[in-house]
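K.L.:
Residue numbers (my numbering), protein chains in the order written: chain A, 5 to 309; chain B, 5 to 309; chain C, 5 to 309; chain D, 5 to 309; chain E, 5 to 309; chain F, 5 to 309.
Hints may be right or wrong, so weigh each one.
In silico DMTMM-like pairs for lysine to aspartate or glutamate, Cα to Cα no more than 20 Å straight-line [as the list claims (entries may be wrong)]:
id : chain 1 : residue 1 : chain 2 : residue 2
1  : E       : 309       : C       : 237
2  : E       : 20        : E       : 92
3  : C       : 308       : B       : 182
4  : D       : 309       : E       : 292
5  : D       : 220       : D       : 233
Just so you know, the hints here were simulated from the structure itself, not pulled from any lab data.
6 protein chains.
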Amino acid sequence: MPKIAIVQAGTVLYDKAATLEKVRKYVEEAAENGAELVLFPEAFIGGYPKWNNFGITMGTRTPEGRQEFKRYFNNAIEEHSEESEFLENLAAKNNIHVVIGVVERQASTLYCSVFFYSPQGYLGKHRKLLPTALERCVWGQGDGSTMPVFNTSVGNIGTAICWENYMPLYRMTLYNKEIQIYLAPTVDDRDVWLSTMRTIALEGRCFVISACQYLKSSAYPDDHALRKEYGNDTVLIRGGSCAVDPLGTVLIEPDFTQETVRYTEFDLSDITLGKMDLDVVGHYSRPDVFQLTVNEEALSTIVKK
Amino acid sequence: MPKIAIVQAGTVLYDKAATLEKVRKYVEEAAENGAELVLFPEAFIGGYPKWNNFGITMGTRTPEGRQEFKRYFNNAIEEHSEESEFLENLAAKNNIHVVIGVVERQASTLYCSVFFYSPQGYLGKHRKLLPTALERCVWGQGDGSTMPVFNTSVGNIGTAICWENYMPLYRMTLYNKEIQIYLAPTVDDRDVWLSTMRTIALEGRCFVISACQYLKSSAYPDDHALRKEYGNDTVLIRGGSCAVDPLGTVLIEPDFTQETVRYTEFDLSDITLGKMDLDVVGHYSRPDVFQLTVNEEALSTIVKK
Amino acid sequence: MPKIAIVQAGTVLYDKAATLEKVRKYVEEAAENGAELVLFPEAFIGGYPKWNNFGITMGTRTPEGRQEFKRYFNNAIEEHSEESEFLENLAAKNNIHVVIGVVERQASTLYCSVFFYSPQGYLGKHRKLLPTALERCVWGQGDGSTMPVFNTSVGNIGTAICWENYMPLYRMTLYNKEIQIYLAPTVDDRDVWLSTMRTIALEGRCFVISACQYLKSSAYPDDHALRKEYGNDTVLIRGGSCAVDPLGTVLIEPDFTQETVRYTEFDLSDITLGKMDLDVVGHYSRPDVFQLTVNEEALSTIVKK
Amino acid sequence: MPKIAIVQAGTVLYDKAATLEKVRKYVEEAAENGAELVLFPEAFIGGYPKWNNFGITMGTRTPEGRQEFKRYFNNAIEEHSEESEFLENLAAKNNIHVVIGVVERQASTLYCSVFFYSPQGYLGKHRKLLPTALERCVWGQGDGSTMPVFNTSVGNIGTAICWENYMPLYRMTLYNKEIQIYLAPTVDDRDVWLSTMRTIALEGRCFVISACQYLKSSAYPDDHALRKEYGNDTVLIRGGSCAVDPLGTVLIEPDFTQETVRYTEFDLSDITLGKMDLDVVGHYSRPDVFQLTVNEEALSTIVKK
Amino acid sequence: MPKIAIVQAGTVLYDKAATLEKVRKYVEEAAENGAELVLFPEAFIGGYPKWNNFGITMGTRTPEGRQEFKRYFNNAIEEHSEESEFLENLAAKNNIHVVIGVVERQASTLYCSVFFYSPQGYLGKHRKLLPTALERCVWGQGDGSTMPVFNTSVGNIGTAICWENYMPLYRMTLYNKEIQIYLAPTVDDRDVWLSTMRTIALEGRCFVISACQYLKSSAYPDDHALRKEYGNDTVLIRGGSCAVDPLGTVLIEPDFTQETVRYTEFDLSDITLGKMDLDVVGHYSRPDVFQLTVNEEALSTIVKK
Amino acid sequence: MPKIAIVQAGTVLYDKAATLEKVRKYVEEAAENGAELVLFPEAFIGGYPKWNNFGITMGTRTPEGRQEFKRYFNNAIEEHSEESEFLENLAAKNNIHVVIGVVERQASTLYCSVFFYSPQGYLGKHRKLLPTALERCVWGQGDGSTMPVFNTSVGNIGTAICWENYMPLYRMTLYNKEIQIYLAPTVDDRDVWLSTMRTIALEGRCFVISACQYLKSSAYPDDHALRKEYGNDTVLIRGGSCAVDPLGTVLIEPDFTQETVRYTEFDLSDITLGKMDLDVVGHYSRPDVFQLTVNEEALSTIVKK
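Please work from the sequences and hints to get the whole structure.
P.N.:
As structure tokens, this is what we get:
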């Protein structure tokens, strides 16, 4: 009966230290409440600067937009870094799994990633395969080498970030790795998100947990143009975190009103109840008609011989 | 601006003639109301004998169950048959497209199929690829040779029957054929069906139209055991037909109370509004990571050399 | 001694018919002046809606932005279409090669492409491999199957669009196909563009011809927000078309002041003068140290078996 | 904010001692002016005997040319040598990085190399991969084992010598090693060199620093035929050293008139401004289409088992 | 008892037609005299412009030199070309093997090659692996894919061009392919050449046949600077063609005075006389101590996936 | 300017003491004449019993032949022995390098070796890798552990014995060790030997010194059958010692008439004159095509674990 905490909160934009402090606070709170795994939303570290446009229009990037990007870049973290060690220690100290959306920096490109930590240490990461819309101007694309499903004491866990949840072939890949707890960190706060989560739970016969940011305009620094334009209290991302069981039953209904931590607890063996009549990577597949080839090699422009 | 009629009704079980008469009635009604296409539910001709078990338990089939199957078999239709001509004429006479779920008989096997007719004649069919649960004891499996998307004056139309809607790779195949109006005849009357339809509309950026049977126990013949057990007014399938646009907006909300015909009308070019930021067979795909091979050959156990 | 015409002009935005008429006018003018090939800028058909943002900020696309995208989508052309035939006829009638930037539509995704026509007919196309910044939200990515160099009566011609010119591995691919006349349609009107063109000419030992749009705010329709904001005479793209020979000598200096057609004529055999001491795909390469593998297969998410 | 000194000066040809003295003078001057790194031109030690032909025509080498080569050979230095220690001490004593073009002797072959020294000691070297034109008769080819990018307190530094700057695959290799300060010692004094440096800065989003020799005919010994022919004041190499930032802005304009030391100072974090919209080894690459294999093994005709 | 003709003659420089005519004359003469194979010197087609420097000194290539190179480039031939067909027909018509040095053009790089023709057609080629001295500025390097030994009716034939004869590892490769008639087209007219040919015959236990050009300054066109400088009668290459048997006996002594065709006839089975006590790829080898790895792959900077 | 003495003399067969005395005499003579190194022929100590067959025919060894072998065996010397000390002292006392061919005995096998002594002591040895013809019946094979090139005050010295000079891969190994003075003790007195020595000098760009025995039938003991058959004055080995410089110039012409000591003196730095255009282990190699792996391990049938 794993107990999961879902953090519905927002980044302190462009303030990595304050954001990490917030992470610490929520991890400790989740642990105190008996959670074995705590899920943070997409891009929690690094931030999702909603309504920002980085000075980008067709054919131009303004100097101010470039400066904004640099500020954003400097608040991203690397896979092997002081910040990652901080998270690793946090997971160990609180004896909890931490799964958290981060803006990851490798060399000069940013990625929208999720880092996984168990109490025993760093497990690995997933990089978003396809950023959506303007995200394509700030984040690069992940490849097939970071599509893990980890077998942990909590269950088999993996992740699809935001609109990756609309990529049928990526979902199939996760189902095929026997995912049990499907973690969906996001910033998508539409009403319809819950429908999507239920459908994935039904289709994949897994538990689906989604953590969405709750972000107000006060998250931007005082001196930021959007802060000035929208004041402190405009809701930029309204939350909507939720959880669904393998038969589509909603375990946690969305709350669109506040920063909050939600908890859910369930029995993994209930997955079997659902797989009885639908198993899209087992008896409910047609390998004679459909065959999906997945390339899990790292794609690198330059390789050493 | 195609106008679509959705028939939410039930078969007259084991009475092909009466069922065809019912088809005629609804096609004419739809045409009179200006519809260019009318969609019937899954297995409308031939029927979906809900709660029947055909005398099948683990290890046994009773003689009575075999007789029941024979009765069911005799109410199925062939692709090239009198009944099919009847439907063809109906479509021509009423200048309407007819898409209808049928129990199809080929040699000695039954299939759960959908037949397509335009005012110009018979277009072709789709056979359900994977029957669900006990259906596997009465229907065979279709293969990759009947997965059409037809380019008609109404738009590009194709179909996924009932839980085929939970087959991600089949859906990808339809999206790839540039389906615009995704037709989902079904007998699934759960609450959660709407969530699934919305998710498919969002994922595929297409219009999704689902027609579900509304079937009462009175549909069984007077002499049938289930009629005797449940009387006339037990609701076996409660409907729930619906329609959704490519951004997930519900165009027709489910009605779980009655036999009815529902109408919807929309602008196909709105698909572009949705494809702008999600096109899972175009800019929102990763062919370098995922490649789906689809076998559209007819599978036949015995072939001439 | 091929004579090349370089059209420095702008699209009539969201008015395909008027744009095609403009194409006709310039093709005829170029032919009358004895040109054997006429090069149009990037996205000439379909247009480059400079300073437009399609209502896209981090995390949102506005309904108005989606409508704008639909309008843009409808002004794109397909590879095999009426508009393409129009261009084919134009090339034939005027006995000239036409190389033109177009916004290409395939199914529901747009691409930034270049179409090639000889007097004998359509030759083929190149699709931009990597859109830049906001372009990534409106155009998909081409793949290795459209990287042609055509052997024509004018010489061996190929193209790199806008910032593809900063992709060293793509340039290597073109050099390896023995490109002689390197066509660089663009909307990049920075001062530094000429430096880049000279460097490519020097590096590839080829003639480099770049055509840039000259676009004023009057190109937007009367009712367009940007037209209202900027009036008729704001210069959105200021031109800067140029031509360089294989030793880096500038044949045509940029003109940043007007719509214009520029002409250049040169002797292809002068390429040898440059290859004498630099041939990066021949004697000036180190295949024992560097080996570039190029995948020219079409990448398709779904393939028929 | 690293401060870089660029030495634009010439070798005292065939006089190693006098040349080393000149190196000492410039290193001290650079250090006094606060530079953290000083870059010398190509072949500064050993020399670039411009306009010399070593008695080589097609099919012949004259005895006099061989004697000239021997003189040249004797003025080359080895990697581990007294001269190298001299440079090491110079760097340490003046607390400065020294990057210097040398003619390197290994066994009986000469190489055009660059040696790197930090205040802490010798870092390593790069050997020119492909000599140009007549250089091929006096210098051998380096291999993939000497293509370093060093992470120093000044930044990540590496080098491409003279026309190696026209080798796209070598440049890609340096970019991939996260070069920040791209050092381009050269003897190329053409006008067009600046265009090339700007393009590399733009393409690689790095700071590009080029040091060119300024060499007059008086650099040849009194008894040398070219000294006699050209007198003391003929300019053999006219300089043109320059520096460019990652957005292509020229930080130091070429001076073609004199021996001089130029200084530039910049903020490495500005690289991010440029990488935002172009990162050819990150988000602006297509590893699914282009893959470059780099062999960094030392190539040796004879290896011990 | 194969009979071999050795053509000691010179190219008509920069006059491909006249050179081919000369080839025709000598092939016919050789055939009339009963030869089964005729060997021409290095670079016979395309020419060896002795004492030319193509305007190359350290650091410069003059415009005149580039023009000269272009002239030279235009007189080279391609592998599959009209000129090659001419040679093929000549071999067929005269029922003779033709082995001839050519300057080969592929794309924009020249190579010093030898083309082999039997009476049955074109056999293949060898490209010089390492040009010498100034040749490195006009010819590229061949690779391991063109190191053939052909089994013909005359015997097993292969070739090493000019100073390739000083490459022990290439010679080993030819010996290992069971070369019987080692063909050494050259322009090396030193006295010591005969010593080298004898040593190779002794070492490889094969028949060695060397054809050297005999070239006078009149071979340059009237308008050429070297023609003007040296008049008509300066001997640029003085010949010295020779033949040696496997025990080092000189079969044809060099003639340094004229254009001439020399003939030799021998018994291939005499090779066994020599292999008895020396077989460097057989009993006289030490594979436990020395192992030579030969890479016969074509080296290509760019390869299709 | 090393001065080398070449001893052209013969062993006193089967009389070790007399032979050592002869060695002493020639070493002193050489030292008096200012030589810094004295080279003796192959097998000088131990002897080369020319025309002897040791009673060996196919399938038989006679008892007399066995006795002859025993006599020969007893006149061989060991590496660490009284005789070797004698030589060591001789070198020290006369302040000269001694390089001498010996028949070396280890356990029960004989080897054809060369021992090297400097004035400072014993340097090491080389064992012939492959005896020729009947030598294979009296001498074993050396291995890769004795292929030294010694860096001495005279220069870098190494050796190839007799027909080892026809082993291209062994020569490559010596060149690779930067041999400067290539010592070739031999008993090969054919005319063609000089050609071979010249070719090696040219190929390796080194000074080649060859010392051949001058041996008359009187060298056999009075009681020996061959002495009886040929008398005292039949010339068994006629000399032919020689020296060549790196450009192939003969420094000492062979003398085929007498026992003699020849002297040569040269400038090692002239090697650079030759390496300028040929360096088969440097710029004139193709490690991408040919790679020679050399096993310098001692080969021993029985080894301790």
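K.L.:
All the hints need checking, so say for each whether the structure fits it.
P.N.:
Here's how the hints hold up against the structure:
1. 309/E with 237/C: Given that 20 Å is the threshold and the Cα spacing comes to 50 Å, the pair is violated.
2. 20/E with 92/E: With Cα atoms ~16 Å apart, residue 20/E and residue 92/E stay inside 20 Å; holds.
3. 308/C with 182/B: holds (15 Å)
4. 309/D with 292/E: holds (10 Å)
5. 220/D with 233/D: Holds, because 13 Å separates the two Cα atoms, which is no more than 20 Å.
Going down the numbered hints, you'll see the structure goes against just number 1.
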